[in-house]
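Assemble chain C onto chain Y, guided by the hints.
2 protein chains.
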Amino acid sequence: MMILSGEKFIVDYLICGDEAQARQNMHDICVEQTVEFPEELITDSDIKDNIIGHIYDFRAVSSHQWLARIGYAIETTAFDMTQLLNVLFGNFSLKPNVRIEQLQMPQAMLTHFYGPRFGINGLRDRLRVFNRPLLCSALKPMGLSAYHLADLAYKMALGGMDFIKDDHGLSNQHFAPFERRVELCATAVARANQETGNHTLYLPNITADGETAIKHAKWAKEMGAGGLLISPGLTGFGTLQRLAQDDAIDLPIMSHPAFLGSFVTSPTNGIAHGVLFGQFMRLAGADASVYPNWGGRFSFTKGECESIVSNCKSKMGAIRAIFPAPGGGITMPRVPELTAVYGCDVIFLMGGGLFRHGPDLVENCRYFRALVEK
Amino acid sequence: MMILSGEKFIVDYLICGDEAQARQNMHDICVEQTVEFPEELITDSDIKDNIIGHIYDFRAVSSHQWLARIGYAIETTAFDMTQLLNVLFGNFSLKPNVRIEQLQMPQAMLTHFYGPRFGINGLRDRLRVFNRPLLCSALKPMGLSAYHLADLAYKMALGGMDFIKDDHGLSNQHFAPFERRVELCATAVARANQETGNHTLYLPNITADGETAIKHAKWAKEMGAGGLLISPGLTGFGTLQRLAQDDAIDLPIMSHPAFLGSFVTSPTNGIAHGVLFGQFMRLAGADASVYPNWGGRFSFTKGECESIVSNCKSKMGAIRAIFPAPGGGITMPRVPELTAVYGCDVIFLMGGGLFRHGPDLVENCRYFRALVEK
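In order, the protein sequences belong to chains Y and C. When the letters of the first sequence are read in order and numbered with the numbering used here, they come out as residues 56 to 429. When the letters of the second sequence are read in order and numbered with the numbering used here, they come out as residues 56 to 429.
By construction, these hints were calculated from the structure, which means they are not laboratory data. Among the clues, some could well be false.
Since copy identity is lost for identical chains, a pair holds within one copy or between any two.
As the list claims (entries may be wrong) - Heads up, simulated SDA-like pairs for lysine to any residue below, C-alpha to C-alpha not over 20 Å straight-line:
1. Lys150 / Glu361
2. Lys150 / Gln79
3. Lys429 / Asp302
4. Lys150 / Ser321
5. Lys150 / Thr323
6. Lys273 / Asp83
7. Lys270 / Asp301
8. Lys368 / Arg246
9. Lys150 / Gly351
10. Lys210 / Leu96
11. Lys150 / Pro322
12. Lys368 / Ile304
Source: prediction; values computed, not measured.
Pulled out of the complex, with its shape left as it was, chain Y reads as follows (with noise of 0.2 Å):
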């Protein structure tokens, strides 16, 4: 016999088109997202009432958009992140007129994430930095070899970045092997962690095909990294929730979007911006969600970005806060501002725009430095 706790997560699908098509389109997310199955002819009543989704709400937004919530046994995803996905919108990805706006979980299914290993909490503790905004910037352009890299990486922190992470583009390329660039940008890291006293965390991007990326995660502990970049929409977002999980690489996350932007470019298929990028980032364990900021070279808008905030931040079972991590185009007139805006919990990433901004790399990564310490 089977047995189900009767506890739900709940879903909220923004569904496009008439009101018959919205709630045709409602049922079948119910049916498809569950069993793919002729409703019809399952005769045991516990799949029928309990494993196919429940409708809990359905309502007009506008007058072609309609909101359904719905309800799945929290068992159905064996609490585990790619089946959770799987549930939420494996198949209803192929369909238009169909986006996820809200995830709401029960703490009977959260206890079973491990979620962030630090979170802001522990995140500041490693650097001892209480009470500014974090920096970041990336190593780059790829084509430099991993000794120029390293030579980058030791001007940051001695200018007193608080991240140093690769550009998500380093992989394992011939021209900056990843375990040599590892090794060498770890160690100059910690060479000027020693003239400075900070505690500046080199992150190196150890994202790769299948156990590899693991296995450049255990690379970079072994070399002293301060912690991890991994883009989720490459490796699965299964490989940040096993390695947040393991307890010998102990090293904070830094998600990465990258392709995973076909998921929230269209207003009527996708999920939202807060959930991928807050809620499941944060349940998969990164400690801190790196995103394109409004007003850069991407086109994410400023309530986007803060609903991402919000879901980085707002209470979510013991799953600890992360740091939400604007990128893509900020520049130095804008720190202030978006101070202001962020508040004191974010970690500024700072890539081109600290290159640009004066021949010294050095006095760059000061003055960046300077901005937040007023």
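Frame of chain Y, contents of chain C only:
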């Protein structure tokens, strides 16, 4: 010194907007997808000339659509599936108005990818079926016990299905735990094969978090499963790649499109159907690619399905041709029409339609089989 072969892989991006915007976007792609760095600050000529994307063509498709052909140094991918996707569309997935239409890879790049282990010919050899479309069904609904699912598997094998896959929603839920389910279903199919003399393959769904997918694949092998089902949208394409290359596992792999739909639902952002469900699946190592057929309960058009077929089978260096596996609403009456369109080298995936046909599952399977043996 950096050494590049000079070999490029070529991507056609469809860009929407007026000509000036489109040209700007094209230049931005070249930089954003590679160095992500202010071009004017790059002094290294190798990086400037060979790492930044190279424009080969720009032309109007309509009054507000443009095709930009961009080449990237093959070495930027590190010959890693995840990094290939990152160069193709990592950051630009986050921008509206850009869609990948076509991908061409030179021989020097393709030789680094293992591709599908079996492909069409290898799969036919395993099944010893050479002259008709192949048939697949799915074990469901979610909520059945492992024992009940195994009973369905036995009946489907007895009825002459070539493939019996787990429904993609069967994960490791406690009502049909992965290990127990695979053991029972593989045993049931082996028993049926002994009775029929057929070589029906059972494909358990190994999709799971991190290394668990690989652990599941090993368990499937040990229990005598005939193949694997995986959703690379959930596990990452790199996990598919990793499994296809494993000599010890040595099992055919069927890919499922779950959680990939948002890449294809917008005409102005994402990745063309043929590239995503044809080329990517094939390059990463799927022997068969499941996708929703036209005219069923999903919205792919016949033309989109044909572009997937074409990319599954067209010349691609030494990478084997693979089976298109249309599903999502195929019914008995449509089989003759679909056979006329798809020809012999196709896997018809019928789930609900097979159960709906009549009360006796074995007879339903025999009926389905007879439709393709005519």
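Taking the hints in turn, this is what the structure says about them:
1. For the homomeric pair lysine 150 and glutamate 361, the shortest alpha-carbon distance between copies (18 Å) is at most 20 Å, but the shortest distance inside one copy (28 Å) is not.
2. When the C-alpha separation of lysine 150 and glutamine 79 is checked against a cutoff of 20 Å, the pair qualifies only within one copy, where the shortest distance is 13 Å, while the shortest distance between copies is 31 Å.
3. Neither within a single protomer nor between protomers do lysine 429 and aspartate 302 lie at most 20 Å apart by alpha-carbon distance, with minima of 37 Å and 59 Å respectively.
4. In this homomeric assembly, lysine 150 and serine 321 come within 20 Å of each other (Cα to Cα) both inside a single copy, at 12 Å, and across copies, at 10 Å.
5. Both within a single protomer and between protomers do lysine 150 and threonine 323 lie at most 20 Å apart by alpha-carbon distance, with minima of 10 Å and 16 Å respectively.
6. In this assembly of identical chains, lysine 273 and aspartate 83 lie within 20 Å of each other by CA distance neither inside one copy nor across copies; the values are 44 Å within and 35 Å between.
7. When the C-alpha separation of lysine 270 and aspartate 301 is checked against a cutoff of 20 Å, the pair qualifies both within a copy, at 12 Å, and between copies, at 17 Å.
8. Proximity of lysine 368 and arginine 246 under a CA criterion of 20 Å is satisfied in neither setting, with 34 Å inside one chain copy and 54 Å between copies.
9. For a Cα distance limit of 20 Å, the shortest separation of lysine 150 from glycine 351 across copies, 12 Å, qualifies, whereas the shortest one inside one copy, 31 Å, does not.
10. Taking the shortest alpha-carbon separations for lysine 210 and leucine 96, only the inter-copy value of 17 Å comes in at or below 20 Å, while the best intra-copy value is 67 Å.
11. In the homo-oligomer, the alpha carbons of lysine 150 and proline 322 lie at most 20 Å apart both inside one protomer (13 Å) and across protomers (13 Å), since each shortest distance falls under that limit.
12. Neither within a single protomer nor between protomers do lysine 368 and isoleucine 304 lie at most 20 Å apart by alpha-carbon distance, with minima of 25 Å and 43 Å respectively.
The structure is inconsistent with the numbered hints 3, 6, 8 and 12, although it conforms to all the rest.
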